[in-house]
Amino acid sequence: MGQIQYSEKYFDDIYEYRHVVLPQEVAKLLPKNRLLSENEWRAIGVQQSRGWVHYAIHRPEPHIMLFRRPLNYQQQQENQAQQLLFLSGQQLEVTQFALVLSMARARNAIVATGLVAFAAAGLAFPFYMASSPKPVIDPSKPLSPQATFRGPYINTGSRDVGPDHQTYPKK
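Numbering (the numbering used here), first residue to last: 35 to 205.
Keep in mind that a hint or two might mislead.
Distance windows between CB atoms, simulated [unchecked claim]:
(1) Q111 / S174: 34 to 40 Å
(2) E72 / H97: 29 to 35 Å
(3) L118 / A90: 31 to 37 Å
(4) Q111 / A61: 28 to 34 Å
(5) I48 / A77: 24 to 30 Å
(6) Q117 / G36: 41 to 47 Å
(7) Q111 / P57: 29 to 35 Å
(8) V60 / Q117: 38 to 44 Å
(9) E42 / P104: 26 to 32 Å
Worth flagging that the hints you see were computed from the coordinates, not collected in a lab. Where a beta carbon is used, it is the ideal one built from N, C-alpha and C, also for glycine.
Kindly produce the complete structure, drawing on both the sequences and the hints.
Put into structure tokens, the structure is as follows:
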């Protein structure tokens, strides 16, 4: 069985083109009156990057497949991917800000700061939201070492239990 041959790319103002020459054995298996989808031409062994469309059948030589894609297709795809990453990053910042704002309104500013740290680290939230003055830390779920507050409190390893009056005397 022969090998598939690929032409160099050629261009006009709108598209870039290339043609692919199939071995005669493979060309005999192709449908005669329709174009192939990307899955179909990949299944017969044509290997090329994304975006190429089988747009015409070369009638005198049906073993030659004609492909095209929009000019600068790869650059457009990279730009779209960068925009998507930028927008998803903005969405995360907006979500974190809204979370901090809502927690601060519920007078849980310290916990809200911890939630932002959890979100920034990509960790799961071991908290439940409460509209009453009940604690917002779920005691049935252990906190990770990064979640404990390192301030004027005694760190027991899993929970901060209150002011350390030996280090920080009462005023």
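Now for the hints, and whether the structure bears them out:
1. Q111 / S174: 34 to 40 Å: 46 Å Cβ-Cβ, so the 34 to 40 Å window is violated.
2. E72 / H97: 29 to 35 Å: 19 Å Cβ-Cβ, so the 29 to 35 Å window is violated.
3. L118 / A90: 31 to 37 Å: Check passed, 32 Å falls within 31 to 37 Å.
4. Q111 / A61: 28 to 34 Å: With Cβ atoms ~30 Å apart, the hint holds.
5. I48 / A77: 24 to 30 Å: Given a distance of about 28 Å, which is inside 24 to 30 Å, the answer is holds.
6. Q117 / G36: 41 to 47 Å: Holds - the Cβ-Cβ distance for Q117 and G36, about 43 Å, lies within 41 to 47 Å.
7. Q111 / P57: 29 to 35 Å: For Q111 and P57 the Cβ distance comes to about 31 Å; the hint holds.
8. V60 / Q117: 38 to 44 Å: Between V60 and Q117, where Cβ atoms are some 39 Å apart, the hint holds.
9. E42 / P104: 26 to 32 Å: 18 Å, violated
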